[in-house]
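A.B. asks: Listed here are the chains, written in short residue letters.
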Amino acid sequence: MLAKRIIPCLDIRDSQTVKGIHFEGLRKVGDPVELGAKYAAQGADELVYLDISASQEGRRTFTDLVTRIAARIDIPFTVGGGISSVEDAGRLLDAGADKVTVNSAAVRNPALIDAIAAKYGSQFIVAAIDARTVDGRWVVTTHGGKRSTDRELFTWAREAVDRGAGEILFTSMDHDGTKNGYPCETFARLAELPVPIIASGGAGSVDHIAEVLTRGCADAALAASIFHYNEIPIPALKRELAQRGIAVRL
Amino acid sequence: MIAVVDYDTGNLRSVAEALRRAGAEFTLTSDAALLRRAERVILPGVGEASSAMAKLRQRGLDEVLPTLTCPVLGICIGMQLLCLSSEEGDARCLGIFPTRVRRLPTVSETPQNPTGPANGPALAGDTPRSGSSAAATAPHTRLKIPHVGWDTIQGVRSPLFEGIPEESYVYYVHSFAADPCPATIATTDYGRCFSAALNRDNFYGTQFHPEKSGATGARLLRNFLSL
Numbered sequence: 000m001l002a003k004r005i006i007p008c009l010d011i012r013d014s015q016t017v018k019g020i021h022f023e024g025l026r027k028v029g030d031p032v033e034l035g036a037k038y039a040a041q042g043a044d045e046l047v048y049l050d051i052s053a054s055q056e057g058r059r060t061f062t063d064l065v066t067r068i069a070a071r072i073d074i075p076f077t078v079g080g081g082i083s084s085v086e087d088a089g090r091l092l093d094a095g096a097d098k099v100t101v102n103s104a105a106v107r108n109p110a111l112i113d114a115i116a117a118k119y120g121s122q123f124i125v126a127a128i129d130a131r132t133v134d135g136r137w138v139v140t141t142h143g144g145k146r147s148t149d150r151e152l153f154t155w156a157r158e159a160v161d162r163g164a165g166e167i168l169f170t171s172m173d174h175d176g177t178k179n180g181y182p183c184e185t186f187a188r189l190a191e192l193p194v195p196i197i198a199s200g201g202a203g204s205v206d207h208i209a210e211v212l213t214r215g216c217a218d219a220a221l222a223a224s225i226f227h228y229n230e231i232p233i234p235a236l237k238r239e240l241a242q243r244g245i246a247v248r249l
Numbered sequence: 000m001i002a003v004v005d006y007d008t009g010n011l012r013s014v015a016e017a018l019r020r021a022g023a024e025f026t027l028t029s030d031a032a033l034l035r036r037a038e039r040v041i042l043p044g045v046g047e048a049s050s051a052m053a054k055l056r057q058r059g060l061d062e063v064l065p066t067l068t069c070p071v072l073g074i075c076i077g078m079q080l081l082c083l084s085s086e087e088g089d090a091r092c093l094g095i096f097p098t099r100v101r102r103l104p105t106v107s108e109t110p111q112n113p114t115g116p117a118n119g120p121a122l123a124g125d126t127p128r129s130g131s132s133a134a135a136t137a138p139h140t141r142l143k144i145p146h147v148g149w150d151t152i153q154g155v156r157s158p159l160f161e162g163i164p165e166e167s168y169v170y171y172v173h174s175f176a177a178d179p180c181p182a183t184i185a186t187t188d189y190g191r192c193f194s195a196a197l198n199r200d201n202f203y204g205t206q207f208h209p210e211k212s213g214a215t216g217a218r219l220l221r222n223f224l225s226l
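So the sequences go chain by chain: A and B.
When we follow numbering that gives the first Met the number 0, the leftmost residue of the first sequence carries the number 0, and every step to the right adds one.
When we follow numbering that gives the first Met the number 0, the leftmost residue of the second sequence carries the number 0, and every step to the right adds one.
Taking lysine to aspartate or glutamate and the EDC-like style, the derived pairs with C-alpha atoms no more than 16 Å apart in a straight line are:
| hint | chain 1 | residue 1 | chain 2 | residue 2 |
| --- | --- | --- | --- | --- |
| 1 | A | K18 | A | D175 |
| 2 | A | K118 | B | D7 |
| 3 | A | K27 | A | D13 |
| 4 | A | K145 | A | D173 |
| 5 | A | K178 | A | E230 |
| 6 | A | K118 | B | E47 |
Computed from the model, here is a short list of chain B residues facing chain A with C-beta under 10 Å:
| hint | residue |
| --- | --- |
| 7 | R12 |
| 8 | D150 |
| 9 | T151 |
| 10 | Y189 |
Calculated from the structure, these hints are not laboratory results.
Positions of the beta carbon are idealized from the N, C-alpha and C atoms, including for glycine.
Full structure from sequences and hints, please.
C.D. replies: Below, the structure is given as structure tokens:
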């Protein structure tokens, strides 16, 4: 049976894994290659590396980092952050990435999804969507939730799939960082799309993850701090999910 | 020497990195003479079957590959090209494995096990669902294509799977799959039962990606290298 995937997410700035902490800014949490290898050995099904470097220099070193990840990691990994052209995506493919995520740039220029899918295939492109509720409506945001757009979540997700996105990675900005769980009704609606849905943002417990994988019908759950700070170690998480009857790779 | 067939179907890097991790020396080539001298040949491939087949023909490799006598491993599209034909682009393939490649179904053709729904049972303590119930259950009946992620293998039989038990998880990314046939040495069920791996004489193939399948995939590659 196809397993539900558990995906640690590593935010990368200037070749270091970092994690934002409320009121404290960014804290380094380890070497990205070593941390990724550790998660892979613990049973992570996939890894996501997001480049949050602000500088050109940071962007350049990220490509070098992807090369080192590809040499070491023997499970699939996705990279994203600032991809705004087919050339950006191609450079990361050549460096060894299995998939790329596009976010703000695709909202600005939806044809980017068509172009990447046409050149490299739908399996290579994940549409990352951030949204928050405004008056009961899910509004797509960009730039890490800082800017609201005039797009609605479900319409945009459908358009992204129609344009060739092979997976949807959805983060609720209402839930991200709260550790209060996922908006499962919203995920269940997204799950009607014909591509896998990755749930991100909000996990604080095993129950939350179990719920989004069952009631929310998500195909995968992505999280960062609960893994970085060992609050929920991956082996324990997967054992507990298996005990609840959820298909996971042990 | 191990030859990885380079016929311009995209990224060979992950296969190359996996061989490097296995400590194997290899060369990327489409040169017929080199392929004939190789001790092992790996035919990778991503993309679309008919265009991949056209690229093999352009290089004359459709003539060379079937004549090889060393162990040959096709991966994903590489495996599909060793079958009789593929529905993808209506491709006539090399015909080494006696089976056809067909599109995976979007609605399951496999009888459902009532005790094991695709997304697991409801959570303990889950309250009866109200209006959301239809939305929550609809995706169970419709399969997502491509088949992406880790899935299990059954009916494993071959030295290629030495030390790899039944129900091991391997990594898949595909929309087309080969029907089971006498050359099938492992199966997976996704909508219907398909060939996860094939073997006939010195030719082997896996629909999944051993180079991305963690320790299980690494073991399979080591097994192939020591056949």
